[in-house]
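Going down the list, the protein sequences come from chains R and Z. For the first sequence, the tail end lands on 424 under the numbering used here, and the numbers increase by one without skipping. For the second sequence, the tail end lands on 424 under the numbering used here, and the numbers increase by one without skipping.
No lab work stands behind these hints: they were computed from the structure. Among the hints, erroneous ones may be present.
Heads up, the list lumps identical chains together, so a pair's fine if it works in one copy or across two of them.
Said to hold, decoys possible - DSS-like mimics (lysine-lysine), calculated; alpha carbons at most 25 Å apart, straight line:
hint : residue 1 : residue 2
1    : 219       : 415
2    : 121       : 101
3    : 174       : 331
4    : 424       : 8
5    : 101       : 61
6    : 69        : 155
Number of protein chains: 2
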Amino acid sequence: MIQLHLEKVRKWFTEEHEKRLAPLAEFAYGELQNRDRDAFGKGWMSWPVDHHESLYADIDKIASDFRAKSNVTVVIGIGGSYLGARSVLSMVQPEFTREGKHEVIFAGQQLSPTYHAHLLKYLDSREVTLVVVSKSGTTLEPSAVFHTFRDYLEKRYGEAEASARICAITDAQKGSLRAYADEKKYATLPIPDDIGGRYSVLSAVGLLPMALAGVDYRKVMQGAANMRDQLAKVAITANPAVQYALARHVLYQQGFVAEALVTYEPRVADFAGWWQQLFGESQGKDGIGLYPTMLQYTTDLHSMGQYVQDSRKVLVETVLDAFIDDAPELKVPVGLDEKNRYLENVSFHKLQEVAVESVMIAHSEAGVPNIRIEARGDAESLYGELVYFFEVACAFGGYLLGINAFDQPGVEAYKSEMRARLQK
Amino acid sequence: MIQLHLEKVRKWFTEEHEKRLAPLAEFAYGELQNRDRDAFGKGWMSWPVDHHESLYADIDKIASDFRAKSNVTVVIGIGGSYLGARSVLSMVQPEFTREGKHEVIFAGQQLSPTYHAHLLKYLDSREVTLVVVSKSGTTLEPSAVFHTFRDYLEKRYGEAEASARICAITDAQKGSLRAYADEKKYATLPIPDDIGGRYSVLSAVGLLPMALAGVDYRKVMQGAANMRDQLAKVAITANPAVQYALARHVLYQQGFVAEALVTYEPRVADFAGWWQQLFGESQGKDGIGLYPTMLQYTTDLHSMGQYVQDSRKVLVETVLDAFIDDAPELKVPVGLDEKNRYLENVSFHKLQEVAVESVMIAHSEAGVPNIRIEARGDAESLYGELVYFFEVACAFGGYLLGINAFDQPGVEAYKSEMRARLQK
């Protein structure tokens, strides 16, 4: 269940704004819905309700095979081939609950020799399988790391057994990794053609890591489908994804420069990383776009709270107020000293609730617009709902800004610099 | 060894700027050095060369006692009582190298019932000691969590043994935690009076967690002392901490809104969290201050690279180009497909180096000022050098801005909202 609360942003984004923007919103939403125009990159829109039984069967088979023959799977990918999978595992399997479970470790998301060499040593005493995720197979980081780990597996298990322990998630037909995987007889899963990296977490890119970790990905898909339904049923003026997009659009036009996705639960913090890519790559172009950043409260209230409260008013806070059904009960005990006695017998859930409320009051009164997205439910469906909610908000916001929310031309500049240097 | 490189920021921060600002810099640096004025909060300046043998003896005793009677120590603290200790452990003991070592787990850095309840369950099968860090003993998060874990220990070990497993790092004389610890006969260590939370990592606040984790904190202190020496020896115009502060000061005056500390090594990423508090709390006030943010490259090039390259030019990148002596060798093997063959036999160290260079070229040419801080050495001394370098830069920058870099009045607003709600 996702609900949008606009009370603490109404000083900046008024009902008058909403009324005046309604025709523009109607038009932009129509543009988004129009599958024919800019069709490339819109595959994610119907994906949660498309038919995937044969894909699910392939995923389940590979996952159960890899879980049987290993206790660690290294998943190699970067950007959209990493941030989504990481964020769903963090949300569904919070810290300190993973002991004894099949381990999923991400790699190739950067180029650190330290990280990767120590990881290889860590693998020595474990049974290992490998997943590599790359549409083209030529992105530098996952290519370099994949071949390093492929070589490790081949030396350790022999080439045939290594190949039986590797799965490539890549283009169904073309590309360098597709050809390589076919030649080596790896198991493979397809990355759909019309879904860009940052919109791809509900494809095999995210679903196989979920299956490997033992996450019920069907519930995640159901969550996304439910959100799709919910958004389709309401008028555009009551559509929470549209309203969120309109609010941040108006704030941007008013001169706000950065947005922070504020989370309170550590298990939700990685979701902000997924959100950051979604908005950063989709809307940060043509000299336009809010700077998407992340704050983890209440931790960062004790580092960034001072800045947010008292510095220049350039920041918008979007509070992802997520509370997940399986959260255990925990209460402050008795026996506290006098000054802290007001905390006795208070539940941590209550403390969080009061923190969310108090911070929104303090910050919005100081001039920081606060949007609250209330999210409740079980971790799996809530994850699916959130993904679909933000994808719609982000793509719709792109039409409002007049930019293409489905490309990322700016990522090429450093890559070609690098390639030129390495090839000479 | 720390070296500042200004080539990619010279388009914005010219030598002419430096020359014109020299008298102001001279004056502000004098203000910083003047121990008499604003003396409160300046204890960190001579701390690395002050005499601490008796403190070290106390720390070593507690650490060896706790290491003998437990395999996990939970360290409870928030803000400056958390970010420093976390960042030094991350830098010295990178991921996948901690198996079999005494574990240090942080808690009370937020209010999650999920995180803390699962952590308590995790502790059941381990031997546990506890450190609580709080100057006043009334900060809500560590108070609530400390008493929850204190209660757990008392129920598990009995009150006397629990007390023998708890250490309080707090004010030497006054405050709520001091009184409580004395009554319960906990081991205690002092938080110095004239060192604020965000400048306190080299006091017992950071040193005890280091000692518990088996980190040679004397090397860290030596690194800080070396940096102090180095900065004292050079003319102000050649002082790298001053130059860094001047560059970001000029960029701020030119209208840049946010600074990102860019790291390339995962083990250094948490250091950016320490840096963020230092600058956010010290300079984010009176309607003034750059928004301090963090980017982890090359990971975030595949999420935020698009924004940085092509969006509004509001961001300054400060590249913390750290390479640590103990980094293992790792090379891409042979056997790559044609398109990736240029990567064969290239070391990951080389790949990182080329990435740093290429990204700075691509981004600065697109209009993003890039400051590079080259940092080389062993992890412990380098950590100490970096801490002292940034503390000087930050405090000096405060004098340039005309703000007090040693207070944080804005942190109170949400706290009093919360207290009012909970007390009624």
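These are the hints, each one checked on the structure:
1. 219 x 415: Close neither inside one copy (37 Å) nor across copies (38 Å); limit 25 Å.
2. 121 x 101: both (20 Å within a copy, 16 Å between copies)
3. 174 x 331: Classified as neither: same-chain Cα gap 56 Å, cross-chain 28 Å, threshold 25 Å.
4. 424 x 8: Classified as between: cross-chain Cα gap 23 Å, same-chain 55 Å, threshold 25 Å.
5. 101 x 61: within (18 Å within a copy, 37 Å between copies)
6. 69 x 155: within (17 Å within a copy, 42 Å between copies)
Going down the numbered hints, you'll see the structure goes against 1, 3, while the others check out.
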